[in-house]
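Undergrad: Chains as they are written, first to last, in the working numbering: chain Z, 1 to 215; chain H, 216 to 783.
Since the hints were derived computationally from the structure, they do not count as laboratory data.
Just the calculated beta-carbon pair ranges, DEER-fashion: (1) 183(Z) to 437(H): 19 to 29 angstroms; (2) 680(H) to 90(Z): 33 to 43 angstroms; (3) 502(H) to 63(Z): 50 to 60 angstroms.
Some chain Z residues well away from chain H (every beta-carbon gap over 12 angstroms; in silico): (4) 45; (5) 46; (6) 47; (7) 94; (8) 95; (9) 99; (10) 102; (11) 105; (12) 106; (13) 107; (14) 108; (15) 110; (16) 111; (17) 114; (18) 133; (19) 134.
Just so it is clear, CB atoms sit at the ideal spot from N, CA and C, and this is done for glycine as well.
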Amino acid sequence: MKGVLTRREMLKRTAAAGAATAVPQRALTQALSPDGASEPFENLSASQSRILEAIVSRLIPSDENGPGALEAGAARYIDRALADVLAELLSVYAAGLDAVDAHAQSTAGQPFPELDPGDQDAVLADLERNLADGFTPDAASFFDMVLQHTIEGTFSDPYYGGNRDFIGWELLGYPGLRLGVGADDQAMDANPEITRLSAYDLPMFDSPDGDGESP
Amino acid sequence: MTVTLPGRDVAVVGLGGVGGVGVLPLAEAGMDVVALEAGTWLSPRDFAPDELRNNYRGWPHAAQKANREIPGHRPNASAPDSPRGNVHPMMNGVGGTTLHYWAQSWRLNPWDFRVVSETTRRYGAGRIPAGSTVEDWPFGLEELEPHYDRVEREIGVSGQAGNVNGMIDERGNIFEGARARAYPMPPLRGTEFTDLMAGAAHRLGWHPFPGPAAINSETYDDRAPCLYHGFCSRGGCHVDAKNSTAVSTIPKATRTGNLRIVTQAHVTGIAVDSDGRASAVEYLKDGETYVQPARVILLASYTYENVRLLLLSTSDAFPNGLSNNGGQVGRHYMTHNQRAGVLALFPHELNRWYGLPAQGIAIDDWADDNFDHADLDFIGGGNLWVYSDQRPIEAASMNTFGRAPRWGSQWKAFVMQNAGRWANSYLQKTTLPYEDNYLDLHPTVTDPLGMPVCRITADYRDNDRQLANYIQERTEEWFREAGAIATVRQPIGSMVVSTHAYGGTRMGDDPETNVVDRYGFSHEVPNLGVLGASVMGTSGARNPTLTAQALAWRTAEHLVANWSSIGG
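Throw the hints in and build the complete structure from the sequences for me.
TA: Next up, the structure:
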């Protein structure tokens, strides 16, 4: 691994770069990450961040089967992507998260993050069935988009800030990246040794942030 | 400022799957060839096993010309446009989409060349669907066989032959046309899951076989064998075991000293001289405009771009686009009816976490005219394909077979149990050309240069839908025999931008209904050749790349043999 940033270093650098380029008027939030460390979201407001964290923790909950999307960092993954490849969706997210809160207020009388899990699920089910207003283009599309990004943030390579501690890959029973796979590893009852690494922990690959020109 | 470059013998527009093959016979014959490629060189360092980047964010991150000119689509001439995606399924780069394709490398079957005459002979002319513009190819499989053979060896294809000079071998595809010899490499390794599916097919009386792939099952031309670790569906191979043209034919052509490669060349048009002959390719690079004169021009981009570039290249001689005085450019467009798949849930682990989409088992019993259509309401068929390849995001996005909601604790429990227990299928089906399915220039959507993008006007017809139903039934039957406890049919979708896009510059002897002749040269512009699936008049029921490459080789070889008449 000589000469290659570790995943943790990479995440730190990415976070620092994001913070440095954030526009000054955007309020940095102080949402608590699950491990208690105070890490501000970089693109969504404080209230939007709390709503998003509450949503992802209902889409893939932490329950008797283990940790879920919040613990995997899916909300942070989405926030980071909104300054990058999903930048054109930042306003859709911001308005949509506010609309989730508004729908929670009008149907259950409280902001979304304050609701009981069951009431949160009812609000999300309204969105899924397109029974809520204030979304672009509509509630169901917003729900599908957040679900898709929550899945990405839970199950993608941890390089992108989600799938923290490989929570997503553990959930699936995915044995992990390896660069050579033998016939035995492909047996239906195979039990290959579990590997837990990012593609970019491997020294032979360049990070995906380049311009595509080889060095 | 326009820079006019020294003239070359041949200018090739696009150095991907077909241009990368076509340059080799030309360079080996000593011609002075320049290839203009919109993308860049990529290296093994770019080919990380990263599902998010490859499959969801549009690999690679390089600014892709293709992504700025994604075709529009509407199902018919009076319908509004369908939503446009923001990632083109094809890519720019030296090697083009052969860098990230599945590398399934099929020959067409004999029927695909003779759809009209064979259907008429067996069932009567009335069985050709109304409105279809399908024609027989100007030649049969036997004429293309030597070119298939050559390309299989030049790029490297693994597989199990089923018919060598008429000798049928049941380990391979018994329905394939005669080949002169076996594949240059044995087939890729099977898995316990693909063995399970092969066994089920045998019990049904079908003829399963491992499919052909431009992937090394053993060391080939000093390139490594496949490591079976996956992530090469829309990803490149970091050990060069996938035989993209970037690692096979292009380096061979470069070694002759006769091929110049210009990367990041954004071609904007083809110029003609006062005689109406193609005279030069115009392109932009680094903010400069270049004119590259050449005695022969070979258009070798993807189907949409081949058509678009011809339609954009207007002149006094060709006011409606180059080679389009007959109005045939953009006509006879087809995709491949690639959707309408079947998903299956099993009561035990399948372990498809590793492998690659080309590591699979094929069934051709229900393809083409390999079964009796007398009492059916369609012609053509489908190739059934199951394979070992599954990635984490894809697994987490699995269908829940009506047994769990899409999210929440119940979903999570379902996925924890079943993420490794489901399989999909890839069902490629005959698609025919129709009068009302065509490509043209979009009237309002442009690329950043202000040039109109391509527009697809196309929809599936009764034949496509009835065929899809039938093929899905057969696939469900197959999965059930293998022990699946649930199956789900996926919708046929619409004919939006496809990785298997055919037609638009169709090949045929009749200039009234075809753009290029039997050798791939324009009926109207004799020194303009077209490479790619845009010349194919039928889709077959299998991936197009090897056929497009065999045709590219044939066109290039014809040019070499007839240089004085074509390039003179």
